[in-house]
Amino acid sequence: MIIRGDEPDQIRLLRKLYKPGNYFMMGDEAVAYGAIFAGCRFYAGYPITPSSEIAETMARELPKLGGYYVQMEDEIASIAAIIGASWTGLKAMTATSGPGFSLMQENLGYAIMTETPIVIVDVQRSGPSTGQATKGAQGDFFQARWGTHGDHPIVAVSPVSVEDAFWETIRAFNIAEMLRIPVIVLFDGILGHMREQIRIPAPDDIEIAYRKLPRNEEEAKLPFGDPHGDGVPPMPLFGHGYFTHVTGSTHKENGLRDVYTPEVHDRLVRRIHRKIEKNRDVYEKYEEHFTDDAEILVVSWGVTARPSLGAVLKAREEGIKVGLFVPKTVHPFPGERMRQLGKQVRAIIVPEMNLGQMILEVQRFINDDVLLKGVNKIGGVPLTVEEILREIRGVA
Amino acid sequence: MVKQIYSKYPMVKYLRKEALPTALCPGCGGGTVLNAFANAIDQLKIDPRDLVVVSGIGCSAWIASPYFLADTLHTTHGRAIAFATGVKVGLPDKKVVVISGDGDLASIGGNHLIHAARRNIDITVILVNNFIYGMTGGQVAPTTPFGAKTTTTPYRNVEHPLNIAEMVAAGASYVARWTTAHVYQLIESIKKALTVKGFSLVEVISQCPVQYGRRNRMKEPAEMLRWFLKNAIPISKAKNMSPEELEGKFIIGEFVNRERPEFVDELNKLIDEVQESFGLKGE
Chain U
1 MIIRGDEPDQ IRLLRKLYKP GNYFMMGDEA VAYGAIFAGC RFYAGYPITP
51 SSEIAETMAR ELPKLGGYYV QMEDEIASIA AIIGASWTGL KAMTATSGPG
101 FSLMQENLGY AIMTETPIVI VDVQRSGPST GQATKGAQGD FFQARWGTHG
151 DHPIVAVSPV SVEDAFWETI RAFNIAEMLR IPVIVLFDGI LGHMREQIRI
201 PAPDDIEIAY RKLPRNEEEA KLPFGDPHGD GVPPMPLFGH GYFTHVTGST
251 HKENGLRDVY TPEVHDRLVR RIHRKIEKNR DVYEKYEEHF TDDAEILVVS
301 WGVTARPSLG AVLKAREEGI KVGLFVPKTV HPFPGERMRQ LGKQVRAIIV
351 PEMNLGQMIL EVQRFINDDV LLKGVNKIGG VPLTVEEILR EIRGVA
Chain R
1 MVKQIYSKYP MVKYLRKEAL PTALCPGCGG GTVLNAFANA IDQLKIDPRD
51 LVVVSGIGCS AWIASPYFLA DTLHTTHGRA IAFATGVKVG LPDKKVVVIS
101 GDGDLASIGG NHLIHAARRN IDITVILVNN FIYGMTGGQV APTTPFGAKT
151 TTTPYRNVEH PLNIAEMVAA GASYVARWTT AHVYQLIESI KKALTVKGFS
201 LVEVISQCPV QYGRRNRMKE PAEMLRWFLK NAIPISKAKN MSPEELEGKF
251 IIGEFVNRER PEFVDELNKL IDEVQESFGL KGE
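Chains as they are written, first to last, in our numbering: chain U, 1 to 396; chain R, 1 to 283.
Read the hints as simulated data drawn from the structure, not as lab findings.
Heads up, a few of these hints could be off.
If you only want the chain R side, here are some residues facing chain U, beta carbon under 7 Å, derived [stated by the list, open to error]: (1) Leu69; (2) Leu73; (3) Tyr155; (4) Val158; (5) Leu267; (6) Lys269.
Subject to a maximum C-alpha distance of 30 Å in a straight line, what follows is the list of computed DSS-like cross-link-like pairs (lysine-lysine) [said to hold, decoys possible]: (7) R/Lys197 to U/Lys64; (8) U/Lys252 to R/Lys8; (9) R/Lys17 to R/Lys191; (10) R/Lys281 to U/Lys16; (11) U/Lys19 to R/Lys269.
A quick note: this is a predicted structure, and the numbers were derived from the prediction, not measured.
Note that beta-carbon positions come from the ideal geometry of N, C-alpha and C, so glycine has one too.
Required output: the full structure, derived from the provided sequences and hints.
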């Protein structure tokens, strides 16, 4: 039994098609190439600005690698199709933007409940509703966290540059496979459409993870069990004669529905939470700049992390002791590190392209005596170095 | 009870013992559909290991998932065909079957149904049409006959029902419609649908005495079956009848049986061509 994308032939194809070196490309394209290098061989999607170039790149590149591009009739069908494909052993992805991400929320919950490894890219655009369809934003921070219903954990990663988009997409696939969960890439329209130089490595230089498969019939009979104690059940793939039953309803370890016994629901949902809590080392990632001696801290994510770094560098030139904290995995929030940093500084500035979302996560982990200030800009134009620097100076 | 059924009924080897007895109401047509499906699989000698059954939400979605012993995917409401599309692309050599109800596949899932037919992906859909939302309590469905009573049309239904088989006939490779009173024809049609390469739909008009019949003067299952038999018109005969004469009748038989290029085949052909043209074929 193999996870497709794992064959030695794939490495040969990757080597032949994409010579290691510097490429000049869009953020959306970098996401697509990241997915391809991570082993994604099934993409189902529905066009929506500003994510469409991901679909276009996948449609062009996947057939070369023996992979499948399917343009579905809508976003709901797209995420449904990748869940179906994942159960056959294909690494699968879809990409969308704001309204499409809203449509996917029900099936995102299905993927969480059935522990299906998939990757969903949300190239955030301005909202609510159609908003400014072609403009980037960072307004889906909590949609990614709480968009689907019920008690559920989620893992979302957020790249800060075009090159980072390549690597974070690979990381999203690895997390999805290792923990058997859906992973969200919270990207944005500005980076999605930005062109930058990126370095593509040799395929052998990339670490790729694959889902745990059942070692024997016994494990295969418990598609939602926990034989290894890490909360991650081995995944018996369809088509191997295991007679696996998969349902989004509350189910027992053997997959059969039981929606009446409180303990069954409790056990299942708590395990799904526990595997995220326990495996923090698999997905937790953040960047720090000048935090050693910082008295002021800028906390920023995604596209805004770049002008934030610019502002921090300039403020340092002026002698202001300011540092930068960039969560790369935004959900679950790196709260422990945030708490430590919060004890060290007297002011925290949170620039975001929204009216204040991640700042609420920051607030949860700091004390009242720290001055907390958001720098918020909406309208589809990114924050500038000057705008953030002004706020740093204001609290210096 | 379970043990007794298990020893008496040969088709039970295709069922998940631990999931029995079924949750279907007494007199439900779902049992007939499950029976017909199991018989079709048996007669075609299809190994259940070569079968993936996908279903949505509702009574009819339960017919094969969880009861049929195969890989089964019980999905969100209306989306079974979209899930099945991913499964079929991943497992082109397996039989992928969707069994679900009219509310699931033709109402909320109507868009997926027509687009799967358009794509002509090799999936067999068994659509169980009982004119009603059974599991949610008997509300009006897009298939509820004009004038019928339901919990949300307590006076009468003022909407016209959707003709599912005719709607899908535009794209599919195979389309047939039978009722639960035409069991042998139904089995034959399911067998054909499973054998045809491409999208196939078998619509089964099925009795729901509890939610539909009870409110429309047919509270006994047998009354509903008699209603089917009395009003079923073979497609050949229906061709010479006026729309007025066909009002309230069930046209039964094979609507479409033809060959068209199949989606996953075409996808794989495309991959071959692309790999060939880029010189990527293995050395």
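To see whether the hints hold, each was checked on the structure:
With its C-beta approaching chain U no nearer than about 5 Å, R/Leu69 sits inside the 7 Å limit, and its interface hint holds. Interface hint at R/Leu73: satisfied, since its Cβ lies 5 Å from the closest Cβ of chain U, which is below the 7 Å cut-off. For R/Tyr155, the suggested interface contact is broken, since its CB lies about 33 Å from the closest CB of chain U, more than 7 Å. The beta carbon of R/Val158 is not positioned within 7 Å of any beta carbon in chain U (closest approach about 29 Å), and the interface hint is therefore violated.
Contact between R/Leu267 and chain U, as hinted, is supported at the beta carbon level, the nearest pair being about 6 Å apart and thus within 7 Å. Using the Cβ-Cβ criterion of 7 Å, the hint placing R/Lys269 at the interface with chain U is not satisfied: the shortest such distance is roughly 10 Å. With a C-alpha separation of about 26 Å, the suggested pair R/Lys197 and U/Lys64 falls inside the 30 Å cut-off, and the hint holds. Of the pairs offered as hints, the one joining U/Lys252 and R/Lys8 holds, with about 29 Å between alpha carbons and a cut-off of 30 Å not exceeded.
Distance check on the hinted pair: R/Lys17 and R/Lys191 sit about 24 Å apart at the alpha-carbon level, within 30 Å; holds. Under the criterion of a C-alpha separation no larger than 30 Å, the hint pairing R/Lys281 with U/Lys16 is consistent with the structure, at around 11 Å. With a CA separation close to 26 Å, the supplied pair U/Lys19 and R/Lys269 stays within the 30 Å bound.
Comparing the model with each numbered hint stated earlier shows that hints 3, 4, 6 do not hold.
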